[in-house]
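Residue numbers (this note's numbering), protein chains in the order written: chain A, 1 to 113; chain B, 1 to 83.
Please note that a few of the clues may not be correct.
Computed footprint of chain B on chain A; a stretch qualifies when at least three of its residues, placed anywhere within it, have a C-beta under 8 Å from a C-beta of chain B [to be verified]:
# : region
1 : 51-58
2 : 70-79
3 : 97-106
Rather than coming from a laboratory, the hints here were simulated on the basis of the structure. All C-beta atoms in this analysis are idealised placements derived from N, C-alpha and C, irrespective of residue type, glycine included.
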Amino acid sequence: MDALTGILAVLGALLVVLAGVGVLRFRDLYSRMHAATKATTLGFALVALAAALAVDAGRGKILLATVFIFVTGPASAHFIGRAAYRAEGIDVRLDGPDDLGDLLDGAAGSPGE
Amino acid sequence: MIALALVLLLVAGACYLVRLVVGPSLADRIVALDGLVVVIVAAVFVDAVRDDSPRFLDITLVVAMVGFTGATAAARFVERRGG
């Protein structure tokens with residue numbers, strides 16, 4: 001283990017901690033998801049890079065797990081966001097124009113639907 | 001350095017755990033669990049560096065798959081039942 005591995009691991013862990021603090025302190029669901037998905041992705045990438053540099057025998061598994069998390073992370077965030085939008089009683093605090101709401105209203109109001 | 005990274009990941013896991021307990025909505029708890037999965041995988045990576053062995057790397061694959069499946073299923077549950 002050399003210095004570069006340690007620096008990368010600590011930087012990545014710092015970003016993951018920042019994401020955790022954001023999830024803890026932000027005040028509505030979409031802000032928390034913003035912290036949890038974006039900061040975690042870069043932090044996790046740095047930690048995975050450090051591990052791939054240091055552990056010779058496990059590079060395949062590290063790459064596989066990293067790619068899997070990179071592919072599924074946005075997908076599950078999308079599912080949670082859509083579910084929270086449609087469910088009643090969740091504070092999502094929408095700022096600005098609500099394009100999805102207009103789209104859903106238009107689809108419900110148009111004839112033939 | 002590696003010990004510091006593990007402690008930082010522990011702090012992050014504690015933040016997600018508090019959000020998991022506090023809520024307030026079911027969707028917040030799903031987000032916290034989803035983040036906790038990433039923290040666990042990162043901690044196993046760092047532990048592999050500390051140990052200099054790939055012994056526990058299989059865990060990361062299983063945890064990542066179960067985490068995605070669980071988050072997706074719970075999101076469907078929220079969409080149908082409300083959070």
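(message) Of all the hints numbered above, which does this structure not satisfy? Sort the numbers upward.
(response) 3
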